[in-house]
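Chains as they are written, first to last, in our numbering: chain Y, 1 to 339; chain G, 1 to 339; chain X, 1 to 339; chain U, 1 to 339; chain P, 1 to 339; chain Z, 1 to 339.
Honestly, the hints are just simulated from the structure, not real lab data. This one's a predicted model, so the numbers in the text were calculated from it and none came from an experiment. Treat the hints with care, as some may be off.
One copy or any two copies: either way a pair holds, since identical chains are not told apart in the list.
Here are the simulated DSS-like pairs of lysine-lysine, each with C-alpha atoms no more than 27 Å apart in a straight line [to be verified]:
hint	residue 1	residue 2
1	Lys241	Lys170
2	Lys42	Lys215
3	Lys272	Lys258
4	Lys5	Lys170
5	Lys98	Lys314
6	Lys140	Lys170
7	Lys272	Lys241
8	Lys268	Lys140
9	Lys241	Lys268
10	Lys268	Lys24
11	Lys272	Lys17
12	Lys241	Lys314
13	Lys24	Lys302
14	Lys17	Lys140
15	Lys272	Lys42
16	Lys170	Lys98
17	Lys24	Lys272
18	Lys314	Lys268
19	Lys241	Lys258
20	Lys215	Lys268
One letter stands for each residue in the lines below.
6 protein chains.
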Amino acid sequence: MTVLKAAIIGGGNIADKNHIPALKQLPEQVEVVAVCSRDLGKARTLADAHGIAHAFDSTTQLYQQCAPDVVVICTPNNLHYPQTMEALEHGCHVFCEKPPALNAQNAREMADLAAQKGRILAYNFQLRQTPEWQLFTRCKTDGLLGDMYHIKAHFLRRRGIPGWGYFTNKAMQGGGALMDLGVHVLDLALCALDYQVPDSVLGNTYDFIGKAGGKGLMGDWNPATFEVEDAAMAYLSFPGKASIMLSASFALNTQVDKDRNLELFGSKGGVKLFPFSLHTELAGELADVQFPYLEEVDIQLKNTAAFLAACAGKPSNVCTAEQGAILQEIIQRIYESAG
Amino acid sequence: MTVLKAAIIGGGNIADKNHIPALKQLPEQVEVVAVCSRDLGKARTLADAHGIAHAFDSTTQLYQQCAPDVVVICTPNNLHYPQTMEALEHGCHVFCEKPPALNAQNAREMADLAAQKGRILAYNFQLRQTPEWQLFTRCKTDGLLGDMYHIKAHFLRRRGIPGWGYFTNKAMQGGGALMDLGVHVLDLALCALDYQVPDSVLGNTYDFIGKAGGKGLMGDWNPATFEVEDAAMAYLSFPGKASIMLSASFALNTQVDKDRNLELFGSKGGVKLFPFSLHTELAGELADVQFPYLEEVDIQLKNTAAFLAACAGKPSNVCTAEQGAILQEIIQRIYESAG
Amino acid sequence: MTVLKAAIIGGGNIADKNHIPALKQLPEQVEVVAVCSRDLGKARTLADAHGIAHAFDSTTQLYQQCAPDVVVICTPNNLHYPQTMEALEHGCHVFCEKPPALNAQNAREMADLAAQKGRILAYNFQLRQTPEWQLFTRCKTDGLLGDMYHIKAHFLRRRGIPGWGYFTNKAMQGGGALMDLGVHVLDLALCALDYQVPDSVLGNTYDFIGKAGGKGLMGDWNPATFEVEDAAMAYLSFPGKASIMLSASFALNTQVDKDRNLELFGSKGGVKLFPFSLHTELAGELADVQFPYLEEVDIQLKNTAAFLAACAGKPSNVCTAEQGAILQEIIQRIYESAG
Amino acid sequence: MTVLKAAIIGGGNIADKNHIPALKQLPEQVEVVAVCSRDLGKARTLADAHGIAHAFDSTTQLYQQCAPDVVVICTPNNLHYPQTMEALEHGCHVFCEKPPALNAQNAREMADLAAQKGRILAYNFQLRQTPEWQLFTRCKTDGLLGDMYHIKAHFLRRRGIPGWGYFTNKAMQGGGALMDLGVHVLDLALCALDYQVPDSVLGNTYDFIGKAGGKGLMGDWNPATFEVEDAAMAYLSFPGKASIMLSASFALNTQVDKDRNLELFGSKGGVKLFPFSLHTELAGELADVQFPYLEEVDIQLKNTAAFLAACAGKPSNVCTAEQGAILQEIIQRIYESAG
Amino acid sequence: MTVLKAAIIGGGNIADKNHIPALKQLPEQVEVVAVCSRDLGKARTLADAHGIAHAFDSTTQLYQQCAPDVVVICTPNNLHYPQTMEALEHGCHVFCEKPPALNAQNAREMADLAAQKGRILAYNFQLRQTPEWQLFTRCKTDGLLGDMYHIKAHFLRRRGIPGWGYFTNKAMQGGGALMDLGVHVLDLALCALDYQVPDSVLGNTYDFIGKAGGKGLMGDWNPATFEVEDAAMAYLSFPGKASIMLSASFALNTQVDKDRNLELFGSKGGVKLFPFSLHTELAGELADVQFPYLEEVDIQLKNTAAFLAACAGKPSNVCTAEQGAILQEIIQRIYESAG
Amino acid sequence: MTVLKAAIIGGGNIADKNHIPALKQLPEQVEVVAVCSRDLGKARTLADAHGIAHAFDSTTQLYQQCAPDVVVICTPNNLHYPQTMEALEHGCHVFCEKPPALNAQNAREMADLAAQKGRILAYNFQLRQTPEWQLFTRCKTDGLLGDMYHIKAHFLRRRGIPGWGYFTNKAMQGGGALMDLGVHVLDLALCALDYQVPDSVLGNTYDFIGKAGGKGLMGDWNPATFEVEDAAMAYLSFPGKASIMLSASFALNTQVDKDRNLELFGSKGGVKLFPFSLHTELAGELADVQFPYLEEVDIQLKNTAAFLAACAGKPSNVCTAEQGAILQEIIQRIYESAG
């Protein structure tokens, strides 16, 4: 098996803690050859910390000097589109952080170019690799759930507006709680419905708390520069009548600090994802099933491996370019509905 | 104070256990003078059991012989409209069971006729009288919640398709879980938003489990004659951007047997209704407030008293004819959206 | 359907609270025509309390005057044998309280005579009618458990030596905790193994606490007249290698006041009976299944109905004469092993 | 005090993590001078890791070059016998891992040779050093328990067939769950009965799950090479009527992942060992006693110290050669009973 | 045994629900012959309800016509003194409700007159009959506690100012929370210290909440007529250095609705009374002992029986006249300390 | 801002783990220049470990060679007075460990000299910096509590007599549980009452367990040399009628191992400190408020910073010299009351 050469674009935390460590654990498939960041010092430090040969502050140099097979994009949201397009143009496979892009049009172009170039473009939705999601998939495949017809998905924080980074900057992030948190559970919900495109989308966004300020549980934020939504609610209706209720918040006056979950209802059984429980009929009685021994896994490692499997033409459950385009379009329709 | 003469139309359980006992506890305001049912024997038995003078099987006779001031309508949903119209035409105040009618047009006509006749028409949504709802109202009035902008309301049963009555008969009930259960929590949610009319409504209805059959927790139902929805999901968006997520089910593969609750989110505080908890900031910190000594009350008695207060021209929190018309219109829009 | 005429022999609590009320709820199948007790006053009082026509203090008179179709025997253990034999001789079906008899020889004769006379002889092991046991049976039938190979069965009390009746009198009871309590769970365990006869039996009995005296939780007992075992432990090994561990106590220095349970282990799944839980593999993972909506039933009513079904030649899960003989033989082998 | 010279035979985990660290913490009594393993590299690595002078792959060389006073045997079960015999022949004290041997005959010879040579042979049953067992012993000595007459002992795993080592190899291990797990709790149960020899032994062994395969919680095992019992059940009856119920499993369809416990019943009090609770009468009432401040101890260190105390002729609670022979005989009788 | 003739003085709840039912259950010792109340109708009603022959509204008539042997005084606190003195003058035994009197001087005179007349005067502190207090006494007697040296006693309500009766009227009650609630736990604490007289008493009383008004949990009270303390705190120091911390409240901003408990510390063991737990050393370890099977008893029945035992010259644990005088003196010293 | 030069007197644990690390985290305000201990080696080791320049075994040398601005006193209680006086005489600010001194007279002199010299003298009561106490202060300031009138404060250990140090030596410590533990919660209680001087003090001390010996949970202590109180109980009454109940123990037969808490009752609200809960009325109902997101802080760091703020003339909540003198006087009055 050929060992692919990988380059990392972006010198922040997600590169340092997630992508590089995962890639380093798969030496038979991939070798990280370069890190590229606008801040050369940051790139250098990161490269040194992980024993990576090259550091750049220009992607032009990167492509000239290293000719990577694979590019991993770990930059702010507004850079996903241009950097992915550039990488595809250089014939690279691309593993891009979520969300795909700032808008539907960009995500569509990215998918189209990947198809045209015959390269893998994938997005890093790691929750697909949780043992809970794997078990849901197995239950669905084994026929324990019947037809899936309704999903409640939420990713809520009570006062979790990040006090660092660009999370409240609209131009760089494209949005707030929906763009940063909601996409994770929306991706799973869409998987459960085989990534259909919804007929109708209705939603609202809010910024009462973000703009008013208050006690922060993830650092202090500045209400004066808060430009995104602190909460987004939406309803999606699909061709076969299936539906999704989606809730995402950075800040909401709810009891729980952080709450991320999905409930997935099928004609024969329903699942609550975290912790996993199955509700169905067994032996003629209503039954609740627990699976107490699900093993914790390194979800980033598994998702990186899934991306590499796709690159190698093997079966993979990574989020595809096409799925990313559909997801981004739905996000856009929610924002448009919210006005 | 004049003692009003009241007549009961409908000889079933709701008359026997709810309305008549409540009216009997308010003798200074009202006297029950007659019971009317299609089945004269039933009417007679009920009247005797409660010491009521007259029993009829014809409303014509009822109005001729008793000239009631107040009519309480406890019949199946399809009779609410004709019987209310008849009572209003006879100049009576009307206390009608929920839902108001089978469709929006009927409920609108009922409200218009009540206005024209200068009579009180009210609907029996008793949850408004729970101590939890009263406390929510007090918190809202005292400014503890700020602007209300999102409400999650649900009334879910796992396998609670009633094995008796007409609950699965579409012609008589007009619908299933939404019509029977969803209306209760929708009424509260609408109250929290000052009973605005939504801009947009999106929803779906399902009948997988109802039509497939299975283990029943409220008696056995017949899947072959199951004509209504076993679950309904909807999203309402209001002019000022507020939103409601509504879920109702007779049958759903969820863990909990019966689950009825509302979460109401405002800019300064949020409330979970059952059991009541308030989530806000106090003394500069995030605070969760419990009220452990809420007193249980007889919600039917309080709602009947509220209706009579309205009849006497006093302040009342009973569901008005106008509110009933708005509610019924929303129900209809949900069904239309669901197709 | 013919209505059978039933006579009750024995005027104690078990007749008054269990058998007569159950029989009275099945008027289309059976009519209680007489009560017979050594104490005529007791018989009379009982008959009057339940609206039963006849009372006797002699079974001879009973058979002469009433010619019952069915006899229910609710007397002390030492009378089960002679009264059952007499009833069978009179051509009656017999529903006899547990345990079958004082020894294996008697129980064998009872079964043989019933077979010879073509009459139903059954024993009142009501735990067979619990919803938990019914669900176990359904799980076993549906193949969820595989081959059953080990059962732990216990019925333990910490200080539950009854302070009334003949429970500590060896001549009348034939034994102590094993005879009174152990038989219930042993019967279920044997059912799970299709009522095979064990190859080997090893057991012990104790009377330390019974003979020493102390604090009683079911009244005060007299250590000076304590003649039976306060605890019995046994192990049964069956032809196909299956095994049962059996524990029964009136008194044992354990934490729990009263503890009655079975754990039943099969090759594919295991069950803990109270509260019912199933432990197996599902969707490739170890799964624990709860059934939260088992309905409480009147187990005496169901067992009486099962006996009557047997009398009517219908399928029945009541404990048969043959099973009772096997059970009694095992009890005897345990006592013999204990020495 | 003379410092004894100790040699370790066996280069696996138990030597590395248990015995050597314990010995190193007792430098005034013992010095580890050598490690011996069939794999010299392993011996060398282990010796270096712990700062031990010599490493061998031959016991002959070991005895020639080092002349140890003490030998600690940490090899697979089938080597316990020959290596212990050899060590005793060389005049060494021997601290041998459990179980003593593959069969009763070998364990008996080992005890006899130790007695003949006047050397200490002891087995490493560390549970004797748990604070719970120490407290049980103190309660028994203080008369809080009276006469001990029944013990329930179990060591159960749900799917704990080890996926490494020789645990499923009959020739090397001599057995499965009973040999590996059951011996620990059996040793304690026998201590509670003063290590009497039972009159009767009845037992069964099973391998349904081991041979069928499935989800493993301690790694994956190979059902094709599974040769031992995955579960063993036994009942022991003793001269004074006392009894032990013993259960051990690598795999059983039970709820709990790992469950190791003993309940010990005496005439005056009973004990549940983990967590320790005492059930008795106090001040004329039934009392449950908790001891919430038992201190955690290093049970291997304490057991090693107990072995060295025995070597020094001091009082010791370590498992003696004679006890090991009795234990091994009982194990053999269980296997013979199981057929 | 002579059956004593008893008269009840006071026609309220405590007579109706406590004293008369208890006396009626002891027919071999006592017969209730009369009820006396200022309100003759009330006396008549009560007498009829319980099948008592005579009813009076004058104690003069009572003594003339009935010549009772025993008088039970169930009137407001301010009547305890005159009515007890009158009864003793008539040669009656007296069972008087708590507290003994409005002040120390009266209670002392009552005790002196009882001694002079050779009659039993006892006070109805029923908590002495709880199984918890009986067990404490047994533990103390059995030496499990050593020397008692400190007691924390409290009887706290959060908003339990009674909305009925005279509880907030100083002239009739003599005080508030201390007089009504505190006396119960103070009596037990004094028993534990053998009813010594304290050297020093320091205390405070408060009425912030009582005078401010607010939400009531035992009905609504009128802050305008609130004359007593809503909370009292005190510390008592005894000759042998023992001490009591006493807290009583009708209203206090604490979490618990109603909280009544004692902690009693001795040199060898300590007891928390409700639920009973013993904290000591056993088998060389710190031990917590629970007694899970204490039997509920009818504490009024037992206390009435204890009073009658005293009348019959038998051992009794009822609160004596002398103890009542000591208690009342302490109460007075607390109020004086509080100023 | 000038960086102050600080010297540490005392070479024990409190210097090493608390004061020096805190000072090192505030380099812009303070530099630690010297450590002084009777044991020069200890001083040297400590200085080296923390990178401090100088080490002394004589304060004379310290003042001569280093001329510190700030002195931190971490020595046994009996040295607090002489070393503080010496430091003040040298014109230093002093941060002294608790308790202030061995008696009231010394603490008074210390405060007077600090005032005379115009230097800050402060005591290290770090609990003032807990987020719970800060929140209490905020609640009090925001008017949520009304007038404070009663406080229950305790710091209890079950068997926590330290097995190391001088804790049981009266001459060096001045007392036992009150001096070591009680002072912490007494300081908070006094703060809540604005550090008033009490009118009356009543208390007792005990040494039953300390002198008897037994199981220790913080090492083993020697009962033969136990000279201090193992428990102290006291009641303080203040001019405005407010009161404090104080309990402190090294050893007490109570259930909990370690229990430190305050309950603070005000006219409008009450607070339980650990974990913090507020009990009050809100929206017309009794309300319990939890604050689930209080952030853990480094209380020593915050208290050191508060001391330095005081030195810099800024607002500070550190315990002042005057407060320390009041506290010490109260301690002395408790001991005098106890006799």
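*Hint by hint, which ones does this structure get wrong, listed from lowest number up?*
Of the numbered hints, 2, 4, 6, 10, 11, 12, 14, 15, 17 and 18 do not hold.
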